[in-house]
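Q: If you read the protein sequences in the order shown, they are chains A and B.
First residue of the first sequence? That's 913 in my numbering, and the numbers climb one at a time after it.
First residue of the second sequence? That's 913 in my numbering, and the numbers climb one at a time after it.
It should be emphasised that the hints constitute simulated quantities derived from the structure, not laboratory data.
There's no promise every hint is true.
If chains are identical, the list can't say which one is meant, so a pair holds when it fits in one copy or spans any two.
Below 27 Å or equal to it, Euclidean Cα-Cα: the simulated DSSO-like pairs (lysine-lysine) are [what the hints assert, rightly or not]:
#, residue 1, residue 2
1, 1041, 1030
2, 1151, 1343
3, 1151, 954
4, 1286, 1030
5, 1343, 1286
6, 1151, 1163
There are 2 protein chains.
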Amino acid sequence: MSEVATPHRAASEAGDHFGLDAAFVDGVAEALRSDDKERIRKRVGGLHHADMADLIEHLDDDDRRLLIEAVREDFNPEVLPELAPQVRDTVMDALGFEDFAAALSELDSDDAIHIASKLTEDERAAIAKRMPQATRMLIEQGLAHPVDSAGRLMQRELVAVPNYWTVGETIDYMRAAQNLPDRFYVIFVVDARHRPRGMVELSRLLRSKRPEKMQDLIEKDVEPVPVEMDREDVAFRFKQRDLVTAPVIDKSGRLVGQITIDDVVDIIEQEAAEDILKLAGVGNTQVSSLYNAIIQTSTSRFYWLFINLLTAFLASWVVGLYEDSIAKLAALAVLMPIVAGMGGNSGTQTLATAIRAIATRELDSSNAVRICFKELFVGMINGLLFAAIVGVAAGWWFTDAMLGIVIGVAMFINMTVAGLSGIVIPLLIRKFGSDPADSGGVILTTVTDVVGFFTFLGLATWLLL
Amino acid sequence: MSEVATPHRAASEAGDHFGLDAAFVDGVAEALRSDDKERIRKRVGGLHHADMADLIEHLDDDDRRLLIEAVREDFNPEVLPELAPQVRDTVMDALGFEDFAAALSELDSDDAIHIASKLTEDERAAIAKRMPQATRMLIEQGLAHPVDSAGRLMQRELVAVPNYWTVGETIDYMRAAQNLPDRFYVIFVVDARHRPRGMVELSRLLRSKRPEKMQDLIEKDVEPVPVEMDREDVAFRFKQRDLVTAPVIDKSGRLVGQITIDDVVDIIEQEAAEDILKLAGVGNTQVSSLYNAIIQTSTSRFYWLFINLLTAFLASWVVGLYEDSIAKLAALAVLMPIVAGMGGNSGTQTLATAIRAIATRELDSSNAVRICFKELFVGMINGLLFAAIVGVAAGWWFTDAMLGIVIGVAMFINMTVAGLSGIVIPLLIRKFGSDPADSGGVILTTVTDVVGFFTFLGLATWLLL
Chain A
913 MSEVATPHRA ASEAGDHFGL DAAFVDGVAE ALRSDDKERI RKRVGGLHHA
963 DMADLIEHLD DDDRRLLIEA VREDFNPEVL PELAPQVRDT VMDALGFEDF
1013 AAALSELDSD DAIHIASKLT EDERAAIAKR MPQATRMLIE QGLAHPVDSA
1063 GRLMQRELVA VPNYWTVGET IDYMRAAQNL PDRFYVIFVV DARHRPRGMV
1113 ELSRLLRSKR PEKMQDLIEK DVEPVPVEMD REDVAFRFKQ RDLVTAPVID
1163 KSGRLVGQIT IDDVVDIIEQ EAAEDILKLA GVGNTQVSSL YNAIIQTSTS
1213 RFYWLFINLL TAFLASWVVG LYEDSIAKLA ALAVLMPIVA GMGGNSGTQT
1263 LATAIRAIAT RELDSSNAVR ICFKELFVGM INGLLFAAIV GVAAGWWFTD
1313 AMLGIVIGVA MFINMTVAGL SGIVIPLLIR KFGSDPADSG GVILTTVTDV
1363 VGFFTFLGLA TWLLL
Chain B
913 MSEVATPHRA ASEAGDHFGL DAAFVDGVAE ALRSDDKERI RKRVGGLHHA
963 DMADLIEHLD DDDRRLLIEA VREDFNPEVL PELAPQVRDT VMDALGFEDF
1013 AAALSELDSD DAIHIASKLT EDERAAIAKR MPQATRMLIE QGLAHPVDSA
1063 GRLMQRELVA VPNYWTVGET IDYMRAAQNL PDRFYVIFVV DARHRPRGMV
1113 ELSRLLRSKR PEKMQDLIEK DVEPVPVEMD REDVAFRFKQ RDLVTAPVID
1163 KSGRLVGQIT IDDVVDIIEQ EAAEDILKLA GVGNTQVSSL YNAIIQTSTS
1213 RFYWLFINLL TAFLASWVVG LYEDSIAKLA ALAVLMPIVA GMGGNSGTQT
1263 LATAIRAIAT RELDSSNAVR ICFKELFVGM INGLLFAAIV GVAAGWWFTD
1313 AMLGIVIGVA MFINMTVAGL SGIVIPLLIR KFGSDPADSG GVILTTVTDV
1363 VGFFTFLGLA TWLLL
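All chains, please: the whole structure from these sequences, using the hints.
A: Right, here's the structure in full:
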């Protein structure tokens, strides 16, 4: 493999752990502007489709169009599923509906359906017109399934044989068949009504003698995935059972497709990554995508910030109740962010742990009470420690022992509340059927801010003034 | 499959989206206390090993021991890799070194090595003594590789054939061989010096005629993974190339093992999930594990909280510079948390997006400058919007137009700084070779707190007093 064709490896070996080699991207951009198509094709010719997709994403819009123009003749359709939707729009634009429809038709059905689902109605209609009948049907059927269902994930292409076949018959069939999927890991065994009886791993098949019956080679314990199952549940099952492939069945129990691990890897990564983005208020992939325009990014983030502003005003209102106390003793204003902030920090530690444990189903109703008590005690222990540290530091700073005692007590109360809130809030949100990562962070910091300001300023007003 | 054996499905169908069915766990716990081994075995008999592991994790320590005692005779070793290390310690204790060593010997080498790596020196020595020579050697060799390397991930068991073999010879060999792995997806083709020439997918092999040469069936574009490659790079390559299996080579280029997708799925999930935990200061798996004892959890979280306390004092010190201003106009204390907090929130939006984009290698040196400018503008746009909203609200609340203008200007400055910091800080941390998720959050909120308090109180002192 030539050096040009392995931009990732070259970068990694140079000690730069970033993705695409910057020099490589710059080289391509330069070639694009020279408008020398031969030179461009030479540079990107040997690229793997995933690297080609990365390259397209790293270029700016104009360069993306120039690149597509240069490689139009031998554009690899496999590039399309690897692109961010916003970038794919540009590529579709540059390719034109005719070529884009042709590229889509060459993909596996699950990829084609996924891409079609991201288009507008008009775009979809324009592309459907230019597709072969069979592909159009497959895509329409796929889109009829709900967005997050197994039906959307599955591919229709699979290998199924009747349960009374022998190993020999199966192998002969496979050698003769023309339209098998490119890659597959199992053969499904179905009964006369096309209901899956089980799967046979290829490694098992290869080691069996020709006269053996397929149904005797079936792996046990593989339950079919209903077409309407939520994709998170599908991902959980794949992880839990170390599956590489699972059969998908419709309501009548017929085998209608298969889900393979590569589709599930993307979901597992997305679900795990979503938590951090949601907690930070950019959980929607539309919001967090690097490829959005400035205005799009600003407006999509605005909503979350506005919610936060309302809670910030709530906390300020609490402070406002003690305006007179602060006017008399400004040290209260100096110290109050510490009480509120430390509560927020320790509560967030618990919250993040809880969100992950709920997502991986380690934390559920069967151990919730035990873990709540544990977090309460953890909050109290660290509350005591930081009460002592902050109390002594504040008393010394303002040479006022009573102020130290007041802030110490407030710290202890707020960190205890924070520890308990960090676990109870996500559990309650889950109980009401929502995702704790979505709103857990705002609710938690509102609680720790309000409790922090209220206890510290309230105690100070009562004991110091 | 009986209902008892599918506790997850039962739970999910009842509309409870948690993991193990709580009633099932309670039922087992009750049976355990009745000390009726027959009844216990009947309840947990049909469980899949992953569900058995979940069950053990959900019980408390005493019940865990009772359960192990009850199932000791037919304990399934596959349960062990699925357990959290802290829980596995209890299981090892209950099983005793003899049985634990026997169980370990039955696992694939990658799982056995992983488990051994989590033990103390003494435990490892006690177990090694009780193992067959061959297994002990495999584990020792595995542990010689660095923790995060491909060498730790790989399994030694694989199927390799010489490049001059035919399909027929390969199939005959597989039918006759006794010690092949349970499951495999490819056959490696090696030269005379055992260097991998490539892999042949089983689906390809099955469809080929017996006289065809193995080396003519090789898939292109598969580069071997060096044994010392970092596991994050391995995971990236699997995702980028949609791999299911990759060959691992030692320094002399010889094939020494294979990595399969199920090992990589765990890493992909861990790496994606780590970000949220790190940002919240519980990134170390030791810290975030649900199964730690109270004292262990408290002390491990203390360190991060202490760092945060130091930065909180820094912010308080800034406020302290303006103690006199606050004494004159306590409204400043009421409003200042809004300026600092909104800066923190908007900066965190950018930070979380950047951390994910760096982790997935979408953001790198080739597009960093463009994205920095974008985030600067996004920060300015939302800064302007919130300056207007907060300015009007504060001016109206305290019936002081000038106070509204001052807080508006401070909001604009802080949110602009926050947007830029949210992207520049993680890029800088990355540049210096650290993980932005580790310290990005603390640094960012320190910046937004200090800048927020400083601009708001500074401007107010200058313009209002």
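Q: Hint by hint, where does the structure go against what was stated? Just the numbers, ascending.
A: Of the numbered hints given earlier, the structure breaks none, since each of them holds.
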